[in-house]
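As they're listed, the protein sequences go chains A and B. Numbering (the working numbering) for the first sequence: 565 to 936. Numbering (the working numbering) for the second sequence: 2 to 292.
Treat the hints with care, as some may be off.
So these bits of chain B aren't anywhere near chain A, every CB distance computed over 10 Å [as the list claims (entries may be wrong)]:
1) PHE23
2) TYR30
3) LEU60
4) ARG113
5) ARG136
6) THR149
7) LEU193
8) ALA196
9) ARG198
10) LEU200
11) GLY201
12) GLN206
13) LYS210
14) ILE211
15) VAL254
16) ARG261
Mimicking DSS-like on lysine-lysine, the simulated pairs with C-alpha atoms at most 25 Å apart in a straight line are [as the list claims (entries may be wrong)]:
17) A/LYS707 <-> B/LYS70
18) A/LYS684 <-> B/LYS210
19) A/LYS707 <-> A/LYS638
20) B/LYS210 <-> A/LYS728
21) A/LYS638 <-> A/LYS788
22) A/LYS744 <-> A/LYS728
23) B/LYS70 <-> B/LYS245
24) A/LYS682 <-> A/LYS707
25) A/LYS682 <-> B/LYS70
26) B/LYS245 <-> A/LYS705
27) A/LYS682 <-> A/LYS730
28) A/LYS707 <-> A/LYS730
29) A/LYS834 <-> A/LYS846
Derived from the structure by calculation, the hints contain no laboratory data. C-beta atoms are modelled at their ideal positions from N, C-alpha and C, and glycine is treated no differently.
Spelled out from the first residue to the last, the chains are:
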Amino acid sequence: MGEEMHDQAGGPMTAAVDIQGVTKRFGDVVAVDNVDLEIADGEFFAMLGPSGCGKTTTLRMIAGLEFPTEGSLKIFGEEVGTLPPNLRPVNTVFQNYALFPHMNVLDNVSFGLRMQGKDKRESAHAAQEMLELVQLGGMAKRKPDQLSGGQQQRVALARALVNKPKVLLLDEPLGALDLKLRQDMQNELKSLQRELGVSFVFVTHDQEEALTMSDRIAVMHDGKLLQVGTAEELYDQPVNRFVADFIGQTNLIDATVFDADMIVLANGTKIRAPNPYPAGDKVAMSLRPESISIGHVDEVPEEFRATSLTGTVSDVIYLGHSHVYTVNVDWMPLEVRTNATPTSIKHEPGSEVAIWWDRRSDWVVPDEGHGA
Amino acid sequence: MTAVATPKFEAANERKKSRRGFFLALPAYVYLSLFFALPLLSVVVYSFAKRTSTGGVALEEWNIDSYTKLGEPIVRDILLRSFTLAIITTVICLVLAYPFSYFLATRKASTRNIMLVFVMIPFWSNFLVRNYAWRVLLGNDGPVSRVTEGVGLGETTILFTPTAIVLGLVYGFLPFMILPLYAAVERMDWSLIEASRDLGATGMQTFRKITFPLSLPGVIAGSILVFIPSLGAYVTPQILGGGKKTMLGSYIVTQFLTARNWPVGAAVSTVLMVVMLGATMLYFRKGGRTL
Ligand SMILES: Nc1ncnc2c1ncn2[C@@H]1O[C@H](COP(=O)(O)OP(=O)(O)OP(=O)(O)O)[C@@H](O)[C@H]1O
Ligand SMILES: [Mg+2]
């Protein structure tokens, strides 16, 4: 599965950001809990997770706006634990943009260069160029409050990028934008990142955004890092119930391990599902709605006999390109999604059906909600 | 049907709202115009009048003699001295109050409130009494003098000097500097400071480029609130300055009560008012720009 690994394990290059055993406590609150994370140079890396899971805190520790309680944090091999933010080769695009209200757009963007001691003309020139790049060349003399949300977002981006950071941190930079603008900005961000070859660490709680934009994604929950991987890895091989449920939609079916090849469902049905867990362990099987086929009870193809169930259709929704069925098997409802082609048969509510899937498309995860 | 009726309702509602606003403001309007604007106007009018030989005021003979009198060396010295002391007082207050306000604004809410109460405590006792307390403190055999004598620095003789006046003024008006500064720093968006540090600015650069400019409305408000009463101060210069070196406040009082030259007193008062008006307008211009 991991055909395109971007992580540097064993590679010759040093990681752009290397976090080892980092914990951050605020009083009693453990905001980030023993996180290990490596972000490669030039990588588009997303951090995904529900509200309060510690994404912003992690980002702020990389930026130097917060210091780790424990652990080691290296940027390009250099330990930066308590180095102040101005001495780190890192810039941030803040969630609320944090543009300086008393300066015009050009002064905002040239601020970083001026602070590094570059002369005024040179800084203004570089800032103007960066503004052209984000298509705001004509807005240089405006004050931030005379710009739309999307334009402010671009100014914040230009203000960070003009300093040529080695790592750019973005904290939900598109959170305040409407859907259309969001999608445009996603594309722009992605192409900008490719063009500049800078590592982007992108915080979001929108999984679709993370899946479409990133080389790799980290999923966090309750301060813990649950899984890091490509979109495909997270989608096809989630490490636990939480990740399976959080990334995309899935049916999570409780089961018990029978042997290395079989699991037993709640109603006693044995299902073929290769797994590494000891017999008798409580597990859950994750089954994506779109990898399930549906048909008449006697239609189950021979090779899928060991991965099939029977049930009753309780609901069907037509979405144009697909049908979404709710199929009640003995003890729980399952969601099934099929392509709607002119030749496909629609199963009406009440009809007895069989559902089956390829044994490579189910995935067994340990039963606990939050992984190690 | 409703499409036709709606605009009328809306207009009627708007009218009602603005009328209600007017009635709510009316008592204050009346009070202010009777007891504030009118006396103010009469001061301006008197400043152009002529002093009669008996010390009265002749309103028929308009002139600007009183204003030309302000150019005379004695009055000029008084003006200069008052402005200098007021400016020194303002600067000292600003230098003392800024770090304190910054400190205060960065504490947690409960600590802040307690410290604000401490700032306000002096207001609980009479201003005059507090000035006399300073006189005792600074006097020849007061505690300050005792201490300096004790450590071999000799007697303290600052009472009845401009230094004593500035000390008293700073003491009296410091809270007026602290409160607006505190308010300005407290409502500042801290992520701007983080953004500045993130963009490579040192703490000092951040203060110069971000924190201070953004707190400017507070700086100006505080400075006006300290400068204006310092300029016209009467009580403190009398008590701690001993009235030896006359300041504007004492001069005005003298003109009205002793010299019975109302037009000159009114002219000095008018000049003061114009200065204050200018300062206030500056504040709104600045404040409007950065808020
Ligand atoms: N300065 C702080 N003091 C105390 N607790 C904090 C502080 N900052 C964050 N926390 C706590 O740490 C946890 C993680 O917060 P964090 O802001 O990193 O979450 P997040 O993943 O960015 O969430 P969101 O998606 O809502 O932005 C939360 O429980 C939060 O309440
Ligand atoms: Mg956050």
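Hint check against the structure, violated hint numbers in rising order: Hints 7, 8, 9, 10, 11, 12, 13, 14, 17, 19, 22, 25, 26 and 28 are the ones this structure does not satisfy, whereas the remaining hints hold.
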